[in-house]
Structure formats: structure tokens, C-alpha cells
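Could you put the whole structure together from the sequences, leaning on the hints where they help?
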Amino acid sequence: MIWLFTAVSLLFGWFALRDVDWELFLASFTWLDPYWFAGFVLCMLIMVQLRALRWERMIRPLIPGDFDHRTLRKTSWIGFAAVILFPLRAGELVRPAFFRGKPGHGAFGPVFGVLLVERVLDGLWIVLAIASAFAWRFFCDDFSVPAWALGIWGVTSLIFLVMLAVLVFIATTPESAWSGLFRLTGLPLLARRFLIARRLNAELERITGRLALGLKSSLASHQLWTAVAFTFGYWGANAVGILLLARAFGLPAGPDSVLLVLGFSAVGVFIPGAPGHVGNFHEFARLGLSTRFSSAMVTGPGMAFVVTLHAVQTFVYLGLGLFGLMTLPTEFRRWKKG
1355 MIWLFTAVSL LFGWFALRDV DWELFLASFT WLDPYWFAGF VLCMLIMVQL
1405 RALRWERMIR PLIPGDFDHR TLRKTSWIGF AAVILFPLRA GELVRPAFFR
1455 GKPGHGAFGP VFGVLLVERV LDGLWIVLAI ASAFAWRFFC DDFSVPAWAL
1505 GIWGVTSLIF LVMLAVLVFI ATTPESAWSG LFRLTGLPLL ARRFLIARRL
1555 NAELERITGR LALGLKSSLA SHQLWTAVAF TFGYWGANAV GILLLARAFG
1605 LPAGPDSVLL VLGFSAVGVF IPGAPGHVGN FHEFARLGLS TRFSSAMVTG
1655 PGMAFVVTLH AVQTFVYLGL GLFGLMTLPT EFRRWKKG
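Add 1354 to a position in the sequence shown, counting from 1, and you land on the number used in the working numbering.
Simulated from the structure, these hints should not be mistaken for lab results. Among the clues, some could well be false.
Okay, derived cross-link-like pairs now, SDA-like style, lysine to any residue, Cα gap no bigger than 20 angstroms in a straight line [stated by the list, open to error]: (1) Lys1570 to Cys1494; (2) Lys1570 to Pro1609; (3) Lys1570 to Thr1580; (4) Lys1570 to Ala1525; (5) Lys1570 to Arg1473; (6) Lys1570 to Ala1519; (7) Lys1570 to Leu1416; (8) Lys1570 to Glu1559; (9) Lys1570 to Pro1626; (10) Lys1570 to Arg1411; (11) Lys1570 to Leu1672; (12) Lys1570 to Leu1470; (13) Lys1570 to Val1582; (14) Lys1570 to Val1522; (15) Lys1570 to Leu1478; (16) Lys1570 to Val1520; (17) Lys1570 to Leu1558; (18) Lys1570 to Ile1400; (19) Lys1570 to Ile1417; (20) Lys1570 to Met1517; (21) Lys1570 to Phe1523; (22) Lys1570 to Arg1560; (23) Lys1570 to Gly1393; (24) Lys1570 to Ala1591; (25) Lys1570 to Val1516; (26) Lys1570 to Thr1527; (27) Lys1570 to Ser1649; (28) Lys1570 to Leu1518; (29) Lys1570 to Ile1625; (30) Lys1570 to Gly1587; (31) Lys1570 to Thr1585; (32) Lys1570 to Trp1502; (33) Lys1570 to Pro1528; (34) Lys1570 to Arg1414; (35) Lys1570 to Asp1476.
Simulated restraints on C-beta separations [to be verified]: (36) Asp1496 to Leu1558: 50 to 58 angstroms; (37) Ala1489 to Glu1377: 36 to 44 angstroms; (38) Ala1489 to Leu1558: 38 to 46 angstroms; (39) Arg1411 to Leu1365: 34 to 42 angstroms.
No residue lacks a Cβ here, since even glycine has one placed at the ideal position from N, Cα and C.
Structure below.
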């Protein structure tokens, strides 16, 4: 499975780079404006901090009180870096894993439920951002939207709306009704004859119950609105940074261009793939650029912009993750292993 998705990522990378004008690509870095670039890097740092704050606010009601603010921040940075390092987005499990404990008592399940809500919030924001860019192009610039772009947006919207419906359903369904729902899978029937099916059915009921705790906490009105506010702040800082980087490369990017690059690159990152989101990020960001700019601009300074955007975000996440790992309190490591 890892090799399959890695191959898909490499294919995306080939699509992104196959038409690059390498001479113009390299020349684009010579006119990079250092002041706009510095502003971009600052926005990326702000983005990561807002993302960490959102995560901390969302999980605080569910974790032990002896997690101080600094330790929690470092576990967030480590988790973000793990998503970059591990293929197939397996690093998503690292943040909840910091809160595992004895079976039935650790916070892994509830915290993982929070992570699912966090991911859906991100997906819905991206869907809204792309839709806003389409509307801007249609009403303000009188540009048509390519059919393939509408198709990607439609599929992405459907996936995250279905995910939201499933999470809300799990959070609002009484625990007493879960056994009836699991009967629909046929597992209880198999459990009468097979021990492994009986264990799987019991484990699924336990996992669903633990997930529901985190889902209910995250979807409570006061928690949800705080998370939504941080989501807008986090992605907003990302968008401003992309605009500044476009200015650094001399790209005439407007709000629609920024949102399309941000939205489509995020869609690519959501697809499980190779470590670092290599290939996925580059091709989908290129698609976002291609809806607004000419082929000559996309294959030259546009691709230099995309490569720089990916590289800086990757180094920021990995750098903060490494710092968090190196400075994680020794007593916390002992507590976690206990």
C-alpha cells in the first residue's frame, strides 16, 4: 500500500514538473524580493502557532491536567512534523498517541475523535475557500471556471460533508443504540460462531464509545465556535503568507489566485502519499495556478513559487518538530511510558 501511494505521488510530481522551463525556473530565484519573502516566513510561523493553539484548546477538556502549556505545545509540533515525515498521513496518529494510557483509561480515543473533527473543519474551510475563489472569478473577473476544477471541488465537498454527517451521527446517537447499528454489519451474527468476530465487534463498540467522547466535546457549541475561529485564523495566515510569497516572485496574484493555490494544494495534501507530500502538493498547487495564469508563467516563476512554498512549510514544521522532540521534558517521557 505504501509503495502504491508513493508511486501515485511520484506520478503527481512528474505531472507537475514535466513542462517546467528550467532556465526560467532558476532565474526566478534571482529576482526574489527578500522583504516579501521574510513576511511570508513570518506568516508561516504564525500559521503553525495558530494551528497548535486550536489543537490545544480542542483537547484541553479531555487530557490530564498535568500537561502544562509548554509540553502540550511541543507535542503539537512533534505531531505536525510526523504528518510530514510518515507516508500515507500515518503521522496523524502521533498527537493522539501522546495521551495513550491503560486500555479503557487513556485519552487516545477521545483525542483521536477531536482530530477527526479538526480534519473536517479544515476540509470544509478549504471547500469554502475554493468556492469563494470561483465566485470571485465569475462575478468580479468574468472568468469561466474549468470543468475539472469544479469536479475536484465537488468531490472534495462531498467527502467532507459525508465525514461531517458521520461524526455528528456518532456524537449524537445514544450509546444504547450502537449495538443495533453494529448488527447491521453482520458482526454480531458471526460472533456467535467465531471468536475473532466476537472480539472485533466488542473492540469496535469500545472504540466508537471512546471516539464519541471526543466528538461530543469538540461539537459542543462553545468548543466548536472557538475551533472555527482558530481555523479561520490559521488558514487566513496561510493565505496571507501565500500572497506575500507571490509578491516576492513578482506574480500578479489576487485573492482568487491565492485561495485556489491554497485550496488545491490542501486537497493534494489530504490525499495519502509519499513523505513530505512530495508530488501531491506540487501538482495540485500547479493546478491552482493554472486556473489563473498562462502556461509560460506557471512553468517558470509559478513553479519556483510552488517549490519554495512547499520547502519553507516543510522546513518550518520539521524544525519546530525537532525542537519539540529535543526539549520534551524527561519527566513527561517517563509519565507517558508509565
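Hints versus structure:
1. Between the alpha carbons of lysine 1570 and cysteine 1494 the distance comes to roughly 41 angstroms, so the proposed pair goes past 20 angstroms and is violated.
2. Annotation: proposed proximity of lysine 1570 to proline 1609 is violated, straight-line Cα distance about 35 angstroms (limit 20 angstroms).
3. For the given pair, lysine 1570 sits about 15 angstroms from threonine 1580 by alpha-carbon distance, which is consistent with the 20 angstroms threshold.
4. Between lysine 1570 and alanine 1525, the direct Cα distance comes to roughly 5 angstroms. Compliance with the 20 angstroms bound is thereby established for this hinted pair.
5. Taking the CA atoms of lysine 1570 and arginine 1473, the gap is about 15 angstroms. The hint holds against a cut of 20 angstroms.
6. Taking the CA atoms of lysine 1570 and alanine 1519, the gap is near 13 angstroms; set against the 20 angstroms cutoff, the hint holds.
7. Distance check on the hinted pair: lysine 1570 and leucine 1416 sit about 11 angstroms apart at the alpha-carbon level, within 20 angstroms; holds.
8. At roughly 16 angstroms between alpha-carbon atoms, lysine 1570 and glutamate 1559 fall within 20 angstroms of each other, so this suggested pair holds.
9. With a C-alpha separation of about 27 angstroms, the suggested pairing of lysine 1570 with proline 1626 is violated against the 20 angstroms cut-off.
10. At most 20 angstroms may separate the alpha-carbon atoms for a hinted pair to count; lysine 1570 and arginine 1411 meet this at roughly 14 angstroms.
11. Our distance criterion of 20 angstroms between C-alpha atoms is broken by lysine 1570 and leucine 1672, whose separation comes to about 32 angstroms.
12. About 12 angstroms separates the Cα atoms of lysine 1570 and leucine 1470, which keeps this hinted pair within 20 angstroms; it holds.
13. Between lysine 1570 and valine 1582, the direct Cα distance comes to roughly 15 angstroms. Compliance with the 20 angstroms bound is thereby established for this hinted pair.
14. Under the criterion of a C-alpha separation no larger than 20 angstroms, the hint pairing lysine 1570 with valine 1522 is consistent with the structure, at around 8 angstroms.
15. Distance check on the hinted pair: lysine 1570 and leucine 1478 sit about 19 angstroms apart at the alpha-carbon level, within 20 angstroms; holds.
16. Restraint check: the Cα-Cα separation between lysine 1570 and valine 1520 comes to about 13 angstroms, which is no more than 20 angstroms; the hinted pair holds.
17. Pair hint lysine 1570 plus leucine 1558 holds up; C-alpha atoms about 18 angstroms apart against a cutoff of 20 angstroms.
18. For the proposed pair lysine 1570 and isoleucine 1400, the alpha carbon gap of about 29 angstroms is over 20 angstroms, so the pair is violated.
19. Between lysine 1570 and isoleucine 1417 the alpha-carbon distance is near 15 angstroms, which keeps this suggested pair within the 20 angstroms criterion.
20. As the CA atoms of lysine 1570 and methionine 1517 are separated by approximately 15 angstroms, the hinted pair is consistent with the 20 angstroms bound.
21. For the suggested pair lysine 1570 and phenylalanine 1523, the alpha carbons sit about 10 angstroms apart, so the restraint of at most 20 angstroms is met.
22. Simply put, lysine 1570 and arginine 1560 have alpha-carbon atoms about 16 angstroms apart, close enough for the 20 angstroms limit, and the pair holds.
23. Taking the CA atoms of lysine 1570 and glycine 1393, the gap is about 38 angstroms. The hint is violated against a cut of 20 angstroms.
24. In summary, the hint linking lysine 1570 to alanine 1591 is not supported, as the alpha carbons are separated by about 28 angstroms, beyond the 20 angstroms threshold.
25. This hinted pair checks out: lysine 1570 and valine 1516 have alpha carbons roughly 17 angstroms apart, not beyond 20 angstroms.
26. For the suggested pair lysine 1570 and threonine 1527, the alpha carbons sit about 10 angstroms apart, so the restraint of at most 20 angstroms is met.
27. Restraint check for lysine 1570 and serine 1649: the C-alpha separation of about 48 angstroms exceeds 20 angstroms, so the hint is violated.
28. Between lysine 1570 and leucine 1518 the CA atoms are separated by roughly 13 angstroms; this keeps the pair inside 20 angstroms, and the hint holds.
29. Distance check on the hinted pair: lysine 1570 and isoleucine 1625 sit about 27 angstroms apart at the alpha-carbon level, beyond 20 angstroms; violated.
30. Between lysine 1570 and glycine 1587 the alpha-carbon distance is near 23 angstroms, which puts this suggested pair outside the 20 angstroms criterion.
31. Distance check on the hinted pair: lysine 1570 and threonine 1585 sit about 18 angstroms apart at the alpha-carbon level, within 20 angstroms; holds.
32. Annotation: proposed proximity of lysine 1570 to tryptophan 1502 is violated, straight-line Cα distance about 37 angstroms (limit 20 angstroms).
33. Restraint check for lysine 1570 and proline 1528: satisfied, since their Cα atoms lie roughly 11 angstroms apart, inside the 20 angstroms limit.
34. Distance hint between lysine 1570 and arginine 1414 is fulfilled; the C-alpha atoms sit about 14 angstroms from each other, no more than 20 angstroms.
35. A C-alpha spacing of about 18 angstroms is found between lysine 1570 and aspartate 1476, which places the hinted pair at or below 20 angstroms, so the restraint holds.
36. Aspartate 1496 and leucine 1558 have their C-beta atoms about 52 angstroms apart, which keeps the hinted 50 to 58 angstroms range intact.
37. The hinted range of 36 to 44 angstroms is satisfied by alanine 1489 and glutamate 1377, whose Cβ atoms lie roughly 37 angstroms apart.
38. A C-beta distance of roughly 42 angstroms is found between alanine 1489 and leucine 1558, which places it inside the suggested range of 38 to 46 angstroms.
39. For the pair arginine 1411 and leucine 1365, the beta carbons lie near 39 angstroms from each other, so the given range of 34 to 42 angstroms is met.
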